[in-house]
Amino acid sequence: MRLALTFIPLLVLFFLVSCEREQRNFRAAPPAARSESLTQSQIQPGQAYTPPQTKNPTEYKAYELSQGKQLYEQYNCSGCHFHGGGGIGPPLMDAKWIYGGDPQNVFQTVIEGRPNGMPSFRGKIPDAQVWQIVAYVRSMSGQVPKDASPGRSDSMNTRSEPEQLVEPTVTKQAGQPPSTVQSK
Amino acid sequence: MQRLRVVATFSSYRILLNIVLVFILPVTLSCTRKTEQVGAGPQKTTQPTGAPQAAPPDDGQWTMPAKDYASWRYSSLDQINSENAKNLRLAWTFSTGVLRGHEAAPVVADNTMYVITPFPNILYALDLTKDGAPVKWKFDPDPAASSQGVACCDFVNRGVSFSQGKVFMNTLDGQTIAVDAGTGKEVWRNKLADINKGESITMAPLVVKDKVLVGNSGGEFGVRGWLTALDAASGKIVWKAWSTGPDADVLIGANFKPFYSQDQGKDLGVTSWPQGAWQYGGGTVWGWISYDPETNLIFYGTGNPGPWNPEQRPGDNKWTAGIFARDADTGQARWFYQWSPHDLHDYDGINEQLLMDMSINGQTRKVLVRPERNGYVYVLDRNTGEVLSANPFVEVNSSSGVDIKTGKLIYNPEKEPKVGQVIRRICPASPGAKDWQPSAFSPRTGLLYIPHQNLCMDSEGVEANYIAGTPYVGMNVKMYSASDDGHRGEFDAWDPVQGKKVWSIKEFFPVWSGAVVTAGDVVFYGTMDGWFKAVNARTGDTIWQYKVGSGIIGQPITYRGPDGKQYVAILAGVGGWAGAIVAGDLDARDGTGALGFVNAMTDLPQYTTKGGMLYVFALP
Numbered sequence: 001m002r003l004a005l006t007f008i009p010l011l012v013l014f015f016l017v018s019c020e021r022e023q024r025n026f027r028a029a030p031p032a033a034r035s036e037s038l039t040q041s042q043i044q045p046g047q048a049y050t051p052p053q054t055k056n057p058t059e060y061k062a063y064e065l066s067q068g069k070q071l072y073e074q075y076n077c078s079g080c081h082f083h084g085g086g087g088i089g090p091p092l093m094d095a096k097w098i099y100g101g102d103p104q105n106v107f108q109t110v111i112e113g114r115p116n117g118m119p120s121f122r123g124k125i126p127d128a129q130v131w132q133i134v135a136y137v138r139s140m141s142g143q144v145p146k147d148a149s150p151g152r153s154d155s156m157n158t159r160s161e162p163e164q165l166v167e168p169t170v171t172k173q174a175g176q177p178p179s180t181v182q183s184k
Numbered sequence: 001m002q003r004l005r006v007v008a009t010f011s012s013y014r015i016l017l018n019i020v021l022v023f024i025l026p027v028t029l030s031c032t033r034k035t036e037q038v039g040a041g042p043q044k045t046t047q048p049t050g051a052p053q054a055a056p057p058d059d060g061q062w063t064m065p066a067k068d069y070a071s072w073r074y075s076s077l078d079q080i081n082s083e084n085a086k087n088l089r090l091a092w093t094f095s096t097g098v099l100r101g102h103e104a105a106p107v108v109a110d111n112t113m114y115v116i117t118p119f120p121n122i123l124y125a126l127d128l129t130k131d132g133a134p135v136k137w138k139f140d141p142d143p144a145a146s147s148q149g150v151a152c153c154d155f156v157n158r159g160v161s162f163s164q165g166k167v168f169m170n171t172l173d174g175q176t177i178a179v180d181a182g183t184g185k186e187v188w189r190n191k192l193a194d195i196n197k198g199e200s201i202t203m204a205p206l207v208v209k210d211k212v213l214v215g216n217s218g219g220e221f222g223v224r225g226w227l228t229a230l231d232a233a234s235g236k237i238v239w240k241a242w243s244t245g246p247d248a249d250v251l252i253g254a255n256f257k258p259f260y261s262q263d264q265g266k267d268l269g270v271t272s273w274p275q276g277a278w279q280y281g282g283g284t285v286w287g288w289i290s291y292d293p294e295t296n297l298i299f300y301g302t303g304n305p306g307p308w309n310p311e312q313r314p315g316d317n318k319w320t321a322g323i324f325a326r327d328a329d330t331g332q333a334r335w336f337y338q339w340s341p342h343d344l345h346d347y348d349g350i351n352e353q354l355l356m357d358m359s360i361n362g363q364t365r366k367v368l369v370r371p372e373r374n375g376y377v378y379v380l381d382r383n384t385g386e387v388l389s390a391n392p393f394v395e396v397n398s399s400s401g402v403d404i405k406t407g408k409l410i411y412n413p414e415k416e417p418k419v420g421q422v423i424r425r426i427c428p429a430s431p432g433a434k435d436w437q438p439s440a441f442s443p444r445t446g447l448l449y450i451p452h453q454n455l456c457m458d459s460e461g462v463e464a465n466y467i468a469g470t471p472y473v474g475m476n477v478k479m480y481s482a483s484d485d486g487h488r489g490e491f492d493a494w495d496p497v498q499g500k501k502v503w504s505i506k507e508f509f510p511v512w513s514g515a516v517v518t519a520g521d522v523v524f525y526g527t528m529d530g531w532f533k534a535v536n537a538r539t540g541d542t543i544w545q546y547k548v549g550s551g552i553i554g555q556p557i558t559y560r561g562p563d564g565k566q567y568v569a570i571l572a573g574v575g576g577w578a579g580a581i582v583a584g585d586l587d588a589r590d591g592t593g594a595l596g597f598v599n600a601m602t603d604l605p606q607y608t609t610k611g612g613m614l615y616v617f618a619l620p
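These protein sequences, in sequence, are chains A and B.
Each step along the first sequence adds one to the number in our numbering, with nothing skipped, and position 80 is 80.
Each step along the second sequence adds one to the number in our numbering, with nothing skipped, and position 56 is 56.
Hints are computed from structural coordinates only; laboratory data are not their basis.
One or more of the hints may lead you astray.
[Claimed, not checked] Selected chain B positions facing chain A (in silico; Cβ < 8 Å):
no.: 1; residue: A145
no.: 2; residue: Q148
no.: 3; residue: V422
no.: 4; residue: D458
no.: 5; residue: N465
no.: 6; residue: I467
no.: 7; residue: T470
no.: 8; residue: P471
no.: 9; residue: V473
no.: 10; residue: D585
no.: 11; residue: L586
no.: 12; residue: R589
no.: 13; residue: D590
no.: 14; residue: G593
no.: 15; residue: A594
no.: 16; residue: V598
[What the hints assert, rightly or not] Calculated lysine-lysine pairs in the BS3-like style (CA-CA distance at most 30 Å, straight line):
no.: 17; chain 1: B; residue 1: K610; chain 2: B; residue 2: K130
no.: 18; chain 1: B; residue 1: K405; chain 2: B; residue 2: K257
no.: 19; chain 1: A; residue 1: K124; chain 2: B; residue 2: K197
no.: 20; chain 1: B; residue 1: K191; chain 2: A; residue 2: K96
no.: 21; chain 1: B; residue 1: K191; chain 2: A; residue 2: K124
[Claimed, not checked] Counterexamples of contact, computed for chain A against chain B with all Cβ distances above 12 Å:
no.: 22; residue: A4
no.: 23; residue: T6
no.: 24; residue: P57
no.: 25; residue: Y63
no.: 26; residue: S66
no.: 27; residue: G100
no.: 28; residue: G101
no.: 29; residue: D127
no.: 30; residue: D147
no.: 31; residue: S153
If you're wondering where the values come from, they're calculated on a predicted model, not measured in any experiment.
Even glycine gets a Cβ: it sits at the ideal position worked out from N, Cα and C.
For reference, chain B alone in the conformation it holds in the complex (with noise of 0.2 Å):
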């Protein structure tokens, strides 16, 4: 049997480091410190399984939303564990005075949590050192109004990033802003995207050395999708990646080495399109990065290729619906793997990819696991590409698996949208097996906690017409639940390993919220009627419930308090794409209202309200 075992190496660097540090003067500490938090990544991605003690000291901070590069959502906290958990009490709230959907993850820092809130997009700063966390600064970016109307499912942000004493944040409207974190004051603001070409931001940002990572939104409006790295220092872009037209603008050049053939050939990006239509195809990047210091690479994944109308661009579509690997200085791409090759459902291929070193075979990996979109779980070897396996963890009948030698998605003809005629029961639906709310892994338990939809739904494809600025989809969809019973959501731990499910939870919503674990083993998540939940990792038992004034849809974080004390936070606000019924006050008679979700949650407004509230909670 294999098991997850991780290699002791990097622990005991750790270690040595640790020791070196607490002899060195002051002065090269803090100088160390910096250091050691660029790097912190891969470290972490190298916990010993079953081994507590062995965990590496936790800063207690939280200063990206997925945690660390390897994206675990891992806390090493352990006040609040299994056993305790049940004793949760609320400690402060915060309103954020905005009511659309809240996906954002909280971000603290030197004591301090920075809030970002939906369009307008504002950044609140909380002194957690006093009594209630009082706003220490606000900052209000003012982006322009009408960027809402080319976002897609909700005004949504997914978060900010805290580095060497900035908070980076993107706006709605196509802005990457640098606050000072001090003072709350701007130190720079770059316009990357134009909402008169449908682009839009709702990523949170990645800060890698010295440059911030930032892709733009928009693929239901046919832009052409991009990542690029600003300068830090100054916000000036340094490199940009397109992830459609010619290798040049996708940045492939004599590094790039996929590992399967179909990735290889000068130009895809053009010649897997009809004439012209890459500059309009999608590819957008407004999921998650992770980053491993070791190979100085990055890995994201690129969107839907536009139109959704699969009939409108014959063709592989590169390198939408895919996940690059990038060198973090200079963009160049290494490898690509396309999940979903010429895409057929709106299956993004955003979505988090955690990294970790895995035994398959008796022989330790480097590898990147990926719940993906189109129903399976994939473990890719992250320094080349290969494909080691891939699990579906729903009911898929969309394709029927992936040919592990070829590396290709095979597809299901018969649930092949056509124009004209409506296909039934797709599964997945659209918003895929999971979106792109963040799973969460445990080095303790070796599972991966996955939020995830049940939902299938019926397609038919209708004529796309391009209009720049105005959506660019082409299919009337309605999605239902995959099951009889009619829930609509699972959270699910899952063992990378073995590649099956350990314990899996039916919720009544898709659990649109992301999740975090520690080292109580305790793993956290909430739904979409509003309950916070604490879970036993292990066990998959709820140890702990409290209802929120609306629907989650947030990522929950933990950190260590200026007390000393372990604090759970969340953020309550319903909306996204799954809440857009109750967010956007959309009417239930018409089940393809956003996007065809409607049609799966018209009961949503009899469980929940809008109102976006952050919630802290702690042990008494």
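Excised from the complex, chain A in its bound form (with noise of 0.2 Å):
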């Protein structure tokens, strides 16, 4: 009997924390482009301007961002940028970004290319999955919280730990998330 007052409780915290497990959204919501926080430049006229970040709400789920990790593999991202250290492309695991380390700014690289050798994936990759992509891009250099990080590769180890991981800011201003995704 007293054992089983000490397992109840237990037992009950053990479901308690096990109602806390992230949700999955198998038809994933993620935001849609928003032209506000598209800015490649740090000058702005007259009075300064920080733009509001978008926040892709796939970076928060172990899941979205395993997917990612997934499907930047399987659409040849890592062609170019391998494992993060960069080759055709440039690294994706340091602290640089060419044309803007914003969620948004990382959909939009995907979707549209960059001049100088970037493709254009637009009407290739569905926008949810491109969201997935963009998660996994930004954990290469700590951008997620790392409880939802990927963890190593079962492969070939290619990939050390950053050495800095940089909790995630969520701004005031990021807004609401999007009803829609954008369909093509």
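Put the two chains together into one complex, using the hints given.
Below, the structure is given as structure tokens:
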């Protein structure tokens, strides 16, 4: 009886914790392109203005991130950027962002392409998948929560842990998650 | 003991020709000169060893990257010799304004030097008659910037060719352009490659008679390789030979007589592949072409099959990773030999082939010598494609040798890459024992001077998806030095007759530059940490070295200036596949970066920085 009394609260606690598990949205509703966050310059004539950062909801979910990791290989992103170190394309695991490191910037980079060799994947990858790839790409430089970040690859050890993990800062201006995924 | 003996018939012919030239009317003389220039290659192949006086008169120019059709990169200029080379001084410099890898050879003709940069492929003409060689003109071909995204291994260009008043150049986005050498005006341009299929062009065109030979790059993008001949006057395609597919596309016809049975049969370019895979099977032609005017044959190699992952393409994958001999006029194939059938490790077969006449077992054979990526120096009968010898010049464990009877490379099954499995220590690594960087041959020493790597690798197959215009590789690679002391490059003198090393210089980084050797018995090459070196061709002793601004991966040349002095020129500017970590600012923490080369070059950024600059040296 005393044994049961000890175990029942433990069991309850266990289920409570389980309830806190992350929710998977199998039909993710990521933010649509928001032009106000797309700034390629740090110079703003007149008053300085901080563009609102976009929130990419997929970044906080281990499932989405691991999907992104898989898609990163399958769409041949790894063919040019390898496992973050770069080669044909620039590295993704370092702190430099040529065309902006906001999730929205990375999304646009994939969709629009960039002039010096980045192909445009417009119409080739569904938006929801692009957001998963964006989340994974940002995870390479430690821009996503560590507990959601994909673990070490079970393939060839290709990547060391980034030296400093940056906790995400969700800004107030991030706005509401958009209501619909833009369909193609 | 066999000795390299070269037949004298051609040199006596050459002397006779010169005597005749002296006595003939100037008008006839100029006409004869032109024809002679076209056929200059093979006569060079017949210099007797150890007879310096018999060296042919050198016009002192350097009109194509390989110097001549035999691809010897040998200059008979001897003002700079192994005694006085220690006094070499910087004569003048020229900044190209481009920061990527400079693999090109400068070209010198009519007292003008022509220098092409990596993308954006700007062509400069420098006036050698004036102090400091000012810019005579500049030609900007304006290639598509997106082409940078389909260049596997930095945005390199391996040089231009000069012929009859025109400079022929290729652009990264797949164009061949003829530029008027006097004015710098465009004569014609032809778009040959499609970047949307992953094609680009990095090789140096070769002019043979009235044709310009050009091949494509993109072996890491699942392209289908080809070599095409353009009419030098109009730029129109005369013939095009694909490296995979049906015989009609490969220009295989009645005259095709490969030496070995595995290369005989109908449509092997289709049947040695899984259904349809030949359409994106690689076999690109991004390396060197040699030409033998006597038989009117051109010789060139084909690149790796696509994808790298060999499990996705069972079969011999013809006609990739091999060498073709073709009729220069029609493009019809004469013979083919496959260095690496069903290539397992990205051993492209595109290296230079040096044409020479060699005495083997008392018999004079017309051969071509090929230091090959798979680790062997091959000697082939250039008329038949028969393998006469194949000797390893580095540590090789991916294969155990070449069966001389069947011509087949004997693979080591333990080193075959597998999907989902990491195979450790495969030697040589993917860039091979030696990559594109061309060697030189001196008829005075009878030695081949080979710049090369000393690398092994781990590799792991992964499934490659074909998406046109994106990489098609399917292999994770990490390279590292083959030796415990960590040296990753070597510069060797090799006796092609004995098939053995005569001397060897260990270099810290891969020797990714070409070589040039002179009648002064001096060999020049550069290192990736920026040393330009003059070495005694007989002993391998370093005579002189000069530290340039950025690592060297270019091809040295030597020429006679308008003042009669001998000059040596080299483009510095680190990059290329080996130097991608610096040229592309790659992150050293990911060893698989740049197809696994980053892992072997993590310390390069501590030794050199970017910067394209031409350096020209002379004696005081």
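Taking the hints in turn, this is what the structure says about them:
A least Cβ separation of about 5 Å between B:A145 and chain A falls short of the 8 Å threshold, and the interface hint therefore holds. Satisfaction of the interface hint for B:Q148 is found here, the shortest Cβ-Cβ separation to chain A being roughly 4 Å, below the 8 Å cut-off. At about 5 Å, the closest approach between the beta carbon of B:V422 and any beta carbon in chain A falls short of 8 Å, and the interface hint on this residue holds. Because the closest C-beta pair between B:D458 and chain A is about 7 Å apart, less than 8 Å, the hint holds.
With 8 Å as the threshold, the beta carbon of B:N465 comes within range of chain A, its nearest partner Cβ sitting at about 6 Å, so the hint holds. Checking B:I467 against chain A by beta carbon gives a least distance of about 5 Å; that is within 8 Å, so the hint holds. With a cut of 8 Å, the hint placing B:T470 at the interface with chain A holds, because the nearest CB-to-CB distance is about 4 Å. The beta carbon of B:P471 is positioned within 8 Å of a beta carbon in chain A (closest approach about 3 Å), and the interface hint is therefore held.
Proximity of B:V473 to chain A holds as hinted, the smallest CB-CB distance being about 6 Å (cut-off 8 Å). For B:D585, the shortest C-beta to C-beta distance to chain A is roughly 7 Å, which falls under 8 Å, so the interface hint holds. With a cut of 8 Å, the hint placing B:L586 at the interface with chain A holds, because the nearest CB-to-CB distance is about 5 Å. For B:R589, the suggested interface contact is upheld, since its CB lies about 5 Å from the closest CB of chain A, less than 8 Å.
Interface restraint check: B:D590 against chain A, minimum CB-CB distance 3 Å, threshold 8 Å, status holds. Interface restraint check for B:G593: the shortest CB-CB distance to chain A comes to about 3 Å, inside 8 Å, so the restraint holds. Given the 8 Å rule on beta carbons, the hint for B:A594 holds: about 4 Å separates it from the nearest Cβ of chain A. Interface restraint check: B:V598 against chain A, minimum CB-CB distance 5 Å, threshold 8 Å, status holds.
Only pairs whose Cα atoms come within 30 Å are accepted, and B:K610 paired with B:K130 is accepted, the gap being roughly 29 Å. A hinted pair counts as satisfied when its Cα atoms are at most 30 Å apart, and B:K405 with B:K257 qualifies at roughly 17 Å. As the CA atoms of A:K124 and B:K197 are separated by approximately 16 Å, the hinted pair is consistent with the 30 Å bound. Among the hinted pairs, B:K191 with A:K96 is inconsistent with the structure: their alpha-carbon atoms are about 35 Å apart, more than 30 Å.
The suggested pairing of B:K191 with A:K124 holds, with an alpha-carbon distance near 27 Å, which does not exceed 30 Å. With a cut of 12 Å on Cβ distances, A:A4 stays outside the contact zone with chain B, its closest approach being about 48 Å. Listed as outside the interface, A:T6 is consistent with that label: its C-beta sits roughly 46 Å from the nearest C-beta of chain B, beyond the 12 Å cut-off. Once the 12 Å rule is applied to beta carbons, A:P57 is consistent with being away from chain B; the minimum gap is 27 Å.
With a closest Cβ-Cβ approach of about 22 Å to chain B, A:Y63 is found to remain outside the 12 Å limit, as its non-interface label requires. Every CB of chain B lies more than 12 Å from the CB of A:S66, the least distance being 16 Å, so the non-interface label holds. No Cβ of chain B approaches the Cβ of A:G100 within 12 Å, the least distance being about 17 Å, so the stated non-interface status holds. A:G101, annotated as away from the interface, keeps every beta carbon of chain B farther than 12 Å; the closest lies near 15 Å.
The Cβ of A:D127 sits about 18 Å from the closest Cβ of chain B, beyond the 12 Å cut-off, so the non-interface label holds. No Cβ of chain B comes within 12 Å of the Cβ of A:D147; the nearest lies about 22 Å off, and the non-interface call holds. Annotated as non-interface, A:S153 brings its C-beta within 12 Å of a C-beta of chain B; the closest such distance is 9 Å.
The structure is inconsistent with the numbered hints 20 and 31, although it conforms to all the rest.
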